[in-house]
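Student: Residue-level listing of the chains:
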Amino acid sequence: MTAPRTLYDKIWDSHLVDIDGDGNGLIYIDLHLVHEVTSPQAFAGLKAAGRKVRRPDRTVAVPDHNVPTTPDRLTGKFLDEEARIQVETLDRNAREYGVHYYPMNDINQGIVHIVGPEQGYTQPGMTIVCGDSHTSTHGAFGSLAFGIGTSEVEHVLATQTLPQRKAKNMKINIDGELGPGVTAKDIILAIIGRIGTAGGTGYVMEYTGSAIRGLSMEGRMTVCNMSIEAGARAGLIAPDEKTFAYVQGKPHAPKGAAWEQALAWWKTLPTDDGAHYDTVVELKASEIAPHITWGTSPQDVAPITGVVPNPADIKEEPKRIALERALNYMGLKAGEKLEEVAIQRVFIGSCTNGRIEDLRAAAKVAKGRKVAAGVQAMVVPGSGLVKHQAEEEGLDKIFLEAGFEWREPGCSMCLAMNSDRLLPEERCASTSNRNFEGRQGARGRTHLMSPAMAVAAAVTGKLADVRKFS
Amino acid sequence: MDKFTTLTAVAAPLPMINVDTDMIIPKQFLKTVERTGLAKGLFFELRQTPDGTPVPEFFMNQPQYKGAQILVAGDNFGCGSSREHAPWALLDYGIRCVIATSFADIFYNNCFQNGILPIKLPQEDVDKLMDDAKRGQNARVTVDLQNQEIKGPDGGTIKFEIDTHKKHCLLNGLDNIGLTLEKKSKIDNFESRQHGTQPWLYAQAGR
Ligand code: SF4
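Protein chains in written order, with my numbering: chain A, 1 to 470; chain B, 471 to 677.
There's no promise every hint is true.
[As the list claims (entries may be wrong)] Stretch-level coverage of chain B by chain A, calculated; a stretch enters the list once three of its residues show a Cβ under 8 Å from a Cβ in chain A:
no., segment
1, 538–552
2, 629–636
[Said to hold, decoys possible] Which residues of chain B face chain A? A few of them, derived with a C-beta cut under 7 Å, are:
no., residue
3, L561
4, R566
5, L644
6, I657
[Claimed, not checked] Restraint ranges, calculated between C-beta atoms of paired labels, are given here:
no., chain 1, residue 1, chain 2, residue 2, range
7, A, K168, B, K510, 37 to 45 Å
8, A, I321, B, S655, 50 to 58 Å
9, B, G585, A, D240, 19 to 27 Å
10, B, N659, A, P71, 46 to 54 Å
11, B, D521, A, A49, 41 to 49 Å
12, A, A49, B, N617, 27 to 35 Å
Hint data in this document are derived by calculation from the structure and do not stem from the laboratory.
Where a beta carbon is used, it is the ideal one built from N, C-alpha and C, also for glycine.
Make the full structure from the sequences, and use the hints.
Tutor: Here it is, written out as structure tokens:
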């Protein structure tokens, strides 16, 4: 009998190509996702060295970070010359090296972390990497998924492996029932608020407990997506019947006898009883309120009913200075009620909350209401398929009637590389994942929250408690 | 990749915690298809006000930090995105060594890929070096990777820890890909094993 192992231990063990006496391992990568911003230098390096892509069949490319989301992009129009060059470079590289590819106006195009699961590339027990830190999203399927830098992208292209040291195991257990209006986004914001943005550094986090089991696959992806915001390289959720049901029938999922074989293997993945975690964190689902961020770090969270914290309450100087800087940047005063803070912009989308379930939740609150005067609000579906599905369900009409813009899929104002961005000092209710200074536009002010909360803010014109909108 | 052996240089102070990758290099500089020329975006929004006026206190605007090759910073340096543009920008500016109490994982790894040495030290050592850094040109710091020690301007020595493999690669300027390709037969063996146990991962050709 081998010792009981965690899900992470099992994936690690089954992908180890080599390891030396000091713990320097080489792991095999089952799926490599590629986008236009972090890959050009990697392909250039590959070419300069005369190397090939080792597994084009395990490499999937899609432009997302930089693509325009306005309707005129369907004519191939780019406002931004540099962005056009990056997208065309990906186009050329993808075709030259023969990897799976979804070009800009393909209906299957979208944010790379939405496309992977949607097309059935993402499967339990895999190792998945991408030159993007939110690769942790795919951990929702019980796969070890993490972001890498461009040199590592080149390394994976050339060798299909990556030098790695094993991380420690952390378990985050959340039992109980979520209250009304509380979503996966609130769970992960509460976790980051609890452990901090460096709390997960050096760990792979596994989310367990009845509240996690109760989430849909979309919700689980939202939770795993922001693991990186807690400093963990990867977040995992053990695969179960919901996972298998989601994967089954997707274009690149195994079929027939291969499906049965894969399923049998996937069922062996969940953590064994008695397996060791280096750290365990417990949260009660019933104590999680709808959360928002008030500052410039994802750990700056509070329940929507809360107030802006006071720097005078903080003893450690670096933290107090950081807080003063954050409040100054955000244009907030200590003690101000969050529900009284006025907003000018709303962004619904991103790999955190740009899936169909997110749009349904948003549309439910938007239905029959109007975006407040002076607020500009947009919905950017995470992929062409999400957009299509939403249109089938008539969600686009609900949003348009309420006064939201309805866009083409891409990362958009999650990182504001294209023209979707905040003006200085504009305040945005956003469903994305980062509220860093300048993230959504130079000197823009971001408050992170769930899709339903973002709509509540859009129609109120202020940060708002979605529980008042039933 | 350039080797890193010993470095004697001016150290620049960046006494902030949670310096994220968006602060190191904002996204408008990520649209390049090159690795070089990124110094122009380094700390873009920290070193100047929105109207382009230089922030006088920021080290990049102070003559005593001209030619600084070492950066001393607070907790959780490099948190945020995986963009390797962050170490590329530091390197393009001339920074070869970053010293902090802690680093975000991806940034930490990205440094080694580019010949930059990130050093984790306890708070009191970082405080000491931060004080040295505040003395500008009068305080040159020596970082000796082989012996894993830092010598301050006043003769004190601070030891640091580093992974043996990463140290070896940095000392010799080794390219990770080249090293891995030496293990080609191990990768081949892994694939044939995995092909047997998980054949569904080998079923598809590129589209
Ligand atoms: S939506 Fe945002 S976080 Fe997600 S991949 Fe795009 S830029 Fe990164």
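Student: Please go over all the hints and tell whether each is borne out by the structure.
Tutor: Hint check results:
1. Look at the segment 538–552 of chain B against chain A: 7 of its residues bring a Cβ nearer than 8 Å to a Cβ of that chain, three or more, so the hint holds.
2. A count of 3 residues in the segment 629–636 of chain B with a Cβ less than 8 Å from any Cβ of chain A is obtained; the coverage claim is therefore met, three being the minimum.
3. Below 7 Å, beta-carbon pairs count as interface contacts, and L561/B has none with chain A, the closest being about 12 Å; its hint is therefore violated.
4. Residue-level restraint check for R566/B is violated (minimum Cβ-Cβ distance to chain A is 16 Å; threshold 7 Å).
5. Using the Cβ-Cβ criterion of 7 Å, the hint placing L644/B at the interface with chain A is not satisfied: the shortest such distance is roughly 11 Å.
6. Of the supplied interface hints, the one on I657/B holds, with its beta-carbon coming within about 6 Å of a beta-carbon of chain A, less than 7 Å.
7. Look at K168/A against K510/B: about 39 Å separates their beta carbons, and that is inside 37 to 45 Å.
8. A hinted range of 50 to 58 Å for the beta carbons of I321/A and S655/B is consistent with their spacing of about 54 Å.
9. Hint check: G585/B to D240/A, Cβ distance near 45 Å, so the stated range 19 to 27 Å is violated.
10. Here the CB-CB span from N659/B to P71/A is close to 51 Å, well matched to the stated 46 to 54 Å.
11. Hint check: D521/B to A49/A, Cβ distance near 44 Å, so the stated range 41 to 49 Å holds.
12. Roughly 33 Å separates the CB atoms of A49/A and N617/B, a value that falls within the hinted 27 to 35 Å.
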